[in-house]
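Asks: Using the sequences and the hints given, assemble the complete structure.
Position 54 of the sequence shown, counting from 1, maps to 80 under the numbering used here, and the rest follow consecutively.
In short, the hints are calculated from the structure, not lab data.
No farther apart than 27 Å at their CA atoms in a straight line, the calculated lysine-lysine pairs in the DSSO-like style are these:
#: 1; residue 1: K41; residue 2: K146
#: 2; residue 1: K111; residue 2: K131
#: 3; residue 1: K60; residue 2: K30
#: 4; residue 1: K54; residue 2: K65
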Amino acid sequence: MEIKRICQSQWNDVKNIYMEAFPKSERKPFFFLKRAVQKGKSEIWVASQSDVVAGFIVLIPYYDMVLVEYLAVSNQIRSKGSGSKILGEICRQYDDKRILLLIEKIDETANNLEQRIARKRFYLKNGFESSGVLMQGVSGDMEILCHGGSISGDEFIAVQTYALGRILFGLSKTKVIAETDIKK
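Replies: See the structure below:
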C-alpha cells in the first residue's frame with residue numbers, strides 16, 4: 027500500500043469514499059475540503075493499492091499539532107489494516123508533532139455504543155491516548171485523543187478556531203466541557 031499526498035486524478039475517488047463513510051451531519055461540503063487543500067490550510071493523504079484509492083486522511087497542521095479531521099477507508103477493504111497503515115504513516119511523517127483527533131464520547135445510553143467503543147479501541151491500538159479533554163459541539167460530546175504528547179482544552183480550541191475559521195467556529199458553539207489532568 028502506498029500513502030502519499032493527494033494528486034489531481036484521485037479527487038473523485040476520495041469524494042466517493044467521503045460520501046459513503048460519513049453521514050451528512052458529519053460532512054463539510056466537499057468543496058470546503060478541496061479549497062482548504064488548495065490554500066495550503068489542510069492536507070489530504072491517500073492510501074492506494076495498484077492505483078486504486080483505498081482510503082484517505084484529512085489533516086490540518088497547526089504549529090506543533092496536526093488535527094486529523096477525517097479518516098476513511100473504502101467499504102470494500104475495511105477491517106484489513108488500511109486505517110492502521112494510514113495512521114502509522116502519518117505518525118511517522120509528523121513524529122515531531124502532536125497528532126489530535128476527536129471521537130464520540132463513550133456514552134452508555136448511545137444507540138451506537140459498540141461502534142464508539144470499537145472506534146476508541148482502534149485509535150488506542152494505534153498509539154493514541156486520551157487527553158482527558160471532552161468537548162461539546164454540533165456533533166455532540168466528543169473526546170480528544172492525542173498521539174505524541176498531551177493537549178489542553180485551550181490548545182484544542184485554538185486549533186479548532188484555525189481549522190474552522192473564527193466565524194464558523196463561533197457558530198459551532200464548540201466548548202470544553204471537562205478537562206482532567208492525566209498523569210502518565
